[in-house]
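Let the sequences and hints guide you as you build the complete structure.
Protein chains: 2
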Amino acid sequence: MSKRYAVIMAGGRGERFWPRSRLQHPKHLLPIVGDKPMLAQTVERLDGFIPRENIFVITNREQHDAVVSVCSMLPPENVVSEPMGRDTAAAVGLATVVIKHRDPQASLAMLPADHVIQDSKGFQSVLDTAFQAAEKEPVLVTIGITPTEPATGYGYIHRGDELFDINGRTIYRVQRFVEKPNLQTAKQYLDSGEYFWNAGMFVWTAETIAAALEDHTPSLYRGLTELESGLRAGRSLEELLDEVYPTLDRISIDYAVMEKAGNVVTVESDFDWDDVGSWPAVARHFKGDDHGNTLRGAALVDGGEGNIVISDKDHLLAVCGVDDLIVVHAGDATLVCPKDKAEKIKGLVKKLGDDPRWKSLL
Amino acid sequence: MSKRYAVIMAGGRGERFWPRSRLQHPKHLLPIVGDKPMLAQTVERLDGFIPRENIFVITNREQHDAVVSVCSMLPPENVVSEPMGRDTAAAVGLATVVIKHRDPQASLAMLPADHVIQDSKGFQSVLDTAFQAAEKEPVLVTIGITPTEPATGYGYIHRGDELFDINGRTIYRVQRFVEKPNLQTAKQYLDSGEYFWNAGMFVWTAETIAAALEDHTPSLYRGLTELESGLRAGRSLEELLDEVYPTLDRISIDYAVMEKAGNVVTVESDFDWDDVGSWPAVARHFKGDDHGNTLRGAALVDGGEGNIVISDKDHLLAVCGVDDLIVVHAGDATLVCPKDKAEKIKGLVKKLGDDPRWKSLL
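Protein sequences, first through last, are from chains A and B. 1 is the number of the first residue of the first sequence in the working numbering; add one for each residue after it. 363 is the number of the first residue of the second sequence in the working numbering; add one for each residue after it.
If you are wondering where the hints come from, they were derived from the structure by calculation, not from laboratory data. By construction, the Cβ of each residue, glycine as well, lies at the ideal position given by its N, Cα and C atoms. Don't take every hint at face value.
Listed next, the in silico BS3-like pairs over lysine-lysine satisfying Cα-Cα at most 27 Å (straight line) [claimed, not checked]:
1) Lys359(A) to Lys649(B)
2) Lys339(A) to Lys287(A)
3) Lys712(B) to Lys701(B)
4) Lys339(A) to Lys706(B)
5) Lys287(A) to Lys721(B)
6) Lys344(A) to Lys703(B)
7) Lys341(A) to Lys287(A)
8) Lys350(A) to Lys675(B)
9) Lys339(A) to Lys703(B)
10) Lys483(B) to Lys398(B)
11) Lys344(A) to Lys675(B)
12) Lys675(B) to Lys313(A)
Under 7 Å between C-beta atoms, here's a sample of chain B residues computed to sit facing chain A [claimed, not checked]:
13) Asp664
14) Ala695
15) Leu723
Structure representation (structure tokens):
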């Protein structure tokens with residue numbers, strides 16, 4: 001039996017795709033790019049590499065039923081739901097406890113649920129290298145995405161010394177993680193060839209990450225050991241989570257562990273990758289019309305260029321005499337926002353949530 | 363019994379208010395400004411001046427039932443429906459025949475169905491002057507709207523000599539009608555004090571307009587005499603219209619009569635008037651928010667100024683980071699168009715009508 005596992009982190013709220021995405025129906029449950037929900041595509045991307053009984057999904061209770069339904073190819077007990085959000089370190093810890101309980105020798109890949117990767121074979125090959133590295137040495141492996149442009153929307157990984165080679169791929173020590181840079185800095189990163197995008201994909205053994213959590217975030221680790229001993233005592237995971245989860249520190253795995261640990265390494269990707277974090281990013285995956293408008297569903301642009309107009313099939317969005325606008329209709333709400341202000345959508349959604357009149361539309 | 367009649371012309375398609383207005387539900391059937399449909403407001407504006415049994419509405423067969431329903435205060439037989447559009451001269455002719463058949467001594471006011479006039483008393487007073495002029499002399503009276511700005515969207519009436527006074531108001535001969543001017547010319551018109559806006563409101567006796575139609579558009583007049591003799595023979599109006607209407611010339615009353623006749627006079631208005639011909643014009647009648655946004659129904663602007671956002675109460679339009687946009691949601695369609703391109707909406711609606719996918723949305 002394979003000792004390799006995948007854990008797909010599917011807890012995001014997907015505010016940036018409102019109104020198509022909603023609180024209970026975020027981006028990973030939608031076919032934002034492609035015909036299936038992003039989460040289903042993420043599961044299927046592992047076909048032939050990780051057996052389905054070894055694929056877990058971490059989500060939250062609001063989304064539990066929807067996730068189980070989208071992941072009907074997985075055993076339903078592999079969908080693990082947090083009672084509340086406690087940031088990514090807690091989610092990683094939860095995954096570690098659950099999988100270690102099943103298989104103390106397990107190695108696992110932590111994967112985001114909503115990215116676009118067309119080259120599944122290339123993806124699996126890089127993951128295989130990362131697994132081999134993690135199984136060979138007690139290291140925390142991050143996948144370093146080869147940057148294709150001086151993007152300012154991602155964090156970067158600065159690689160250090162070469163450690164060893166696997167399958168012709170170099171494993172580098174990580175010198176440091178850096179926050180989203182400005183454009184000038186991003187250009188320097190790109191030119192240097194020493195920086196990768198941080199896609200939030202990690203591979204490690206359960207043992208190595210457990211040790212790292214114990215070292216770098218001991219209070220969180222104490223909570224996790226409570227979970228672990230509860231499971232060993234035969235108690236239900238749900239009941240244990242209700243008890244323990246509220247006590248866990250809210251901290252990201254990057255801050256808690258990756259930026260502190262000395263045993264972080266990276267393997268460079270050679271597959272296509274896009275986190276499609278916004279409507280303009282989505283539009284890149286569709287063929288535009290002759291005027292660069294991206295039209296989905298009942299959508300029409302009369303005298304305008306570069307618009308993204310996304311509707312249902314039974315509601316016409318008619319856009320007239322304007323350029324570079326995002327117009328998205330979904331059910332009981334329609335969004336209108338310039339493409340170059342797409343980052344404001346998140347703030348808009350927050351405002352909706354604060355207003356009793358609109359709260360139900362999240 | 364009063365010999366004064368009013369004929370409200372309610373045949374417009376209201377493309378400029380799509381998607382709120384539809385083919386079968388144009389502007390005059392909607393409460394575009396105010397709480398009641400514009401047509402109902404137009405009828406009620408005559409309260410105490412023209413008895414309701416003397417108020418007629420000319421519409422078309424598609425809108426017949428909706429008009430009867432909106433005009434429930436009128437005898438249903440006063441709603442006369444053209445079997446097809448034949449421009450305004452035919453509509454005036456039809457009204458003349460129908461009213462002359464009832465009362466050969468009638469005088470009548472022809473009124474648009476969808477204008478905004480708040481000062482009903484002032485309106486009635488000017489109409490009364492116009493009726494007196496038309497009853498005193500065989501003249502075709504137009505109401506000249508006092509211009510308040512150098513508007514380029516209206517035709518103008520250039521007044522000529524003073525003819526006589528009624529109730530302290532001067533009746534002028536009309537020197538000429540002029541088409542929509544450019545801004546420079548419009549400014550000259552405004553400065554001269556000799557020009558009025560042509561609001562398409564006319565007052566005349568049935569006898570005088572019949573004679574004018576006979577003189578200036580004899581072929582149309584022949585069709586009208588057929589209608590008249592058919593009515594006199596006791597045949598049904600509907601049947602007669604089916605026979606005669608398709609044969610009538612398509613020509614406007616302005617071209618056919620007003621610009622040619624020598625007996626056209628004008629009386630200057632002193633009431634407020636707005637034809638609210640576009641969404642930006644509508645917005646002038648509503649109080650904006652602190653950022654000059656006009657919001658109706660479930661509408662929200664986050665970081666934007668001067669937008670017109672009109673929705674139903676159960677569909678949120680959320681506009682973010684953009685200025686001076688018109689966004690209108692109605693049922694199965696939403697329009698997005700910059701305010702300064704509002705005149706393009708008509709062309710958009712034409713395109714929708716030409717496309718089998720969208721035709722049903724008109």
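Earlier hints that do not hold, by number: none
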